[in-house]
Structures are given as C-alpha cells and as structure tokens.
Amino acid sequence: MQKTKRSGLPTSISMKHDGHFVDLISSRSLGPRIRMIPISKIDPNPHQARCELGNIEELEDSIKSKGVLEPILVRARGSRFEIIAGERRFMASKNIGLKELPCIDMDVEDGEAMEIALIENLQRKDLDIFEEADGLKALADIHSYNHEQISSKIGKARSTITEILSIAGIPQRARDIIAEAGGFSRSTLVEIAKLKSEEDMIKFARDIAERRLTREDTRDLAKYMKGKTKKLRYFVYNFVPEGTDRFRLRLEFKKQTVSKREIIEVLEETIELLKSKDEDLTLKG
Numbered sequence: 001m002q003k004t005k006r007s008g009l010p011t012s013i014s015m016k017h018d019g020h021f022v023d024l025i026s027s028r029s030l031g032p033r034i035r036m037i038p039i040s041k042i043d044p045n046p047h048q049a050r051c052e053l054g055n056i057e058e059l060e061d062s063i064k065s066k067g068v069l070e071p072i073l074v075r076a077r078g079s080r081f082e083i084i085a086g087e088r089r090f091m092a093s094k095n096i097g098l099k100e101l102p103c104i105d106m107d108v109e110d111g112e113a114m115e116i117a118l119i120e121n122l123q124r125k126d127l128d129i130f131e132e133a134d135g136l137k138a139l140a141d142i143h144s145y146n147h148e149q150i151s152s153k154i155g156k157a158r159s160t161i162t163e164i165l166s167i168a169g170i171p172q173r174a175r176d177i178i179a180e181a182g183g184f185s186r187s188t189l190v191e192i193a194k195l196k197s198e199e200d201m202i203k204f205a206r207d208i209a210e211r212r213l214t215r216e217d218t219r220d221l222a223k224y225m226k227g228k229t230k231k232l233r234y235f236v237y238n239f240v241p242e243g244t245d246r247f248r249l250r251l252e253f254k255k256q257t258v259s260k261r262e263i264i265e266v267l268e269e270t271i272e273l274l275k276s277k278d279e280d281l282t283l284k285g
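Numbering (the working numbering), first residue to last: 1 to 285.
One thing to keep in mind: the hints can contain errors.
[What the hints assert, rightly or not] Taking lysine-lysine and the DSS-like style, the derived pairs with C-alpha atoms no more than 30 Å apart in a straight line are: (1) Lys226 / Lys203; (2) Lys203 / Lys260; (3) Lys99 / Lys137; (4) Lys196 / Lys137; (5) Lys94 / Lys41; (6) Lys275 / Lys226; (7) Lys226 / Lys260; (8) Lys137 / Lys156; (9) Lys64 / Lys99; (10) Lys277 / Lys226; (11) Lys223 / Lys260; (12) Lys275 / Lys260; (13) Lys156 / Lys194; (14) Lys66 / Lys99; (15) Lys260 / Lys137; (16) Lys277 / Lys260; (17) Lys223 / Lys203; (18) Lys94 / Lys64; (19) Lys194 / Lys260; (20) Lys137 / Lys223; (21) Lys137 / Lys194; (22) Lys196 / Lys260; (23) Lys196 / Lys156; (24) Lys194 / Lys223; (25) Lys137 / Lys203; (26) Lys66 / Lys94; (27) Lys41 / Lys64; (28) Lys196 / Lys226; (29) Lys156 / Lys64; (30) Lys196 / Lys223; (31) Lys226 / Lys156.
Worth flagging that the hints you see were computed from the coordinates, not collected in a lab.
Kindly produce the complete structure, drawing on both the sequences and the hints.
Written out as structure tokens, the structure is:
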C-alpha cells in the first residue's frame, strides 16, 4: 500500500524529525532572520491549537542542561514579537528563568502565520484526538481547504483526515463522558460522530462508557440508533477490572433494557451458584 508522502510545514518548512526545519526555513525567499530575542518581548500565540501544553518539566530539565536546541518561530508585531510555533519551548524557558530565546523572525501575514501554527501543532505526536480534530477543522475553516489539500499539508491519508474531521463534531458533554471513561478508540469516536443529533451522541457515549461495550457491541448499538436495524440482539454489560488482565466479565441479557439492579441480582445469583458447587471449574473442550 502506497504511503502518503509527508509534506511538512508550508512553504518548505519541515518538522525536526523530517530534516532540520531551521536549515530549510533559512532558504526562504522572504529571508527570515535567526536572532536572540528577550523573552519579555515575546507574546504567546492566540491561535494555539493545543488546549493544554501538558507537562513540560522534562523539557525544562532538557533546556537547563543543553539549552534551547531548536529556535521558536516568531513574527514582529509592532515593537513586540508573537509566537508562530514553539509555545512549549517558550513556556519552559520562561519558567526556568531564561532571559532570551533563539528565534526565527519571519515576515508572514496573519493567514500564513496561523497555518504554520496549526500545522506545526498537528504534526506533533502528543496531541489527543480531539485537539487534532479541532486543529484540522480550524485549518479547513480558516483556509477553506478540502480534505485532499489538508492531507497533502499534514502528511496523512485523505481517508484518515475525513475520519478525524468528523470527530470534531462531537459535543463537549460527550467529550467529557469519553474523557472520564479513559478515552475511546478512533473507530468508536467515528461511530459516535455519525449520529445525527448531539443528544444521540451524548447518549451513545454514555452507553459505551457505562456498559463497557466491545467494538462489535458498539457497532450494533450504532446501527440501532441510526435506524439501520429495528432492534438490538441483546443488552450487553462488560466489566473489565482496573489494574489486572486476569479476567473480563461479559453479561448478555435476552432483552434490550436492563437496570443496574438487575445486573447486580444476576451477579449475586452467579456467586451463590458458584458457592454451591463442590468442584472447581475447568475448561471443557
């Protein structure tokens, strides 16, 4: 299968793991300048794609021992400078008390600066799926890019871009449920995003979280909620204990609606039945 070629940042700017972008950016016709700039004159990027900068203690330790190895991208805004890309390096350097930073001073308009900022963030490997989805949506909305154009700029298959963009439509209430459950797979999120209303998405996310549905169960429920099947085969409750992989408990009920009390009663009956047996249970093949 042919892989989509990674194009990197726009106008010949690449991420560090694609070849050092500092060398490539220096060859631009606009002639960006590499210079040391006082941190007190640098302002954060208002279009930062990341919701949270995450834990930057390791980055702080690295900068303490080795310095800032990769300049941040900035542009002049009057007598000050605005970060285009490099927010985490800026914050880590500020936190440990550095007075100035190596910067690449670029002469770019608002649109290109925003595009560079979004793509630089989207190519990082530690974005969560919703940060990535929201970043791609911003890129599409601001620049009116289609999925094929985004695919070329980001270096991901068009089908992947289409899937991730659909996830951006999941409402915040559903996202909160998903986060509390420890996150869902991308395929499950795509199934949620296919539902027509926000209320359906929220209900679907809650059902998956509370019942710990498997991928097959999730698809069955998705078909039911989208009206592609008139009834579910059964109600399924999955229990996966935290901190151990010794067992997984799956209960299948021959009806579509089951209360919490009924689940507890079935478990209690099962325990009593096991206690009444003299022999140990063994695998019968």
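Taking the hints in turn, this is what the structure says about them:
1. Lys226 / Lys203: holds (13 Å)
2. Lys203 / Lys260: Holds - the C-alpha atoms of lysine 260 and lysine 203 are around 16 Å apart, at most 30 Å.
3. Lys99 / Lys137: violated (36 Å)
4. Lys196 / Lys137: holds (19 Å)
5. Lys94 / Lys41: holds (12 Å)
6. Lys275 / Lys226: violated (43 Å)
7. Lys226 / Lys260: It holds: about 25 Å lies between the C-alpha atoms, which stays within 30 Å.
8. Lys137 / Lys156: holds (15 Å)
9. Lys64 / Lys99: Between lysine 64 and lysine 99 the Cα gap is close to 13 Å, so the pair holds against 30 Å.
10. Lys277 / Lys226: violated (45 Å)
11. Lys223 / Lys260: holds (24 Å)
12. Lys275 / Lys260: Judged against 30 Å, a Cα distance of about 23 Å means the pair holds.
13. Lys156 / Lys194: With a Cα-Cα distance of about 21 Å, the restraint between lysine 156 and lysine 194 holds, given a limit of 30 Å.
14. Lys66 / Lys99: OK: lysine 66 and lysine 99 at ~16 Å, within 30 Å.
15. Lys260 / Lys137: violated (39 Å)
16. Lys277 / Lys260: holds (27 Å)
17. Lys223 / Lys203: holds (14 Å)
18. Lys94 / Lys64: Between lysine 94 and lysine 64 the Cα gap is close to 11 Å, so the pair holds against 30 Å.
19. Lys194 / Lys260: holds (28 Å)
20. Lys137 / Lys223: holds (26 Å)
21. Lys137 / Lys194: holds (16 Å)
22. Lys196 / Lys260: At roughly 28 Å apart (the allowed maximum being 30 Å), lysine 260 and lysine 196 satisfy the hint.
23. Lys196 / Lys156: holds (27 Å)
24. Lys194 / Lys223: This hinted pair holds, its Cα atoms lying about 10 Å apart.
25. Lys137 / Lys203: Distance ~24 Å between lysine 137 and lysine 203 Cα, so the pair holds.
26. Lys66 / Lys94: Measuring from Cα to Cα gives roughly 15 Å; hence the hint holds.
27. Lys41 / Lys64: Answer holds: lysine 41 to lysine 64 is near 21 Å, not above 30 Å.
28. Lys196 / Lys226: Cα-Cα ~8 Å, so holds.
29. Lys156 / Lys64: Given that 30 Å is the threshold and the Cα spacing comes to 35 Å, the pair is violated.
30. Lys196 / Lys223: Status holds; Cα separation ~12 Å.
31. Lys226 / Lys156: holds (29 Å)
In this structure, the earlier hints numbered 3, 6, 10, 15, 29 are contradicted, and the remaining ones agree with it.
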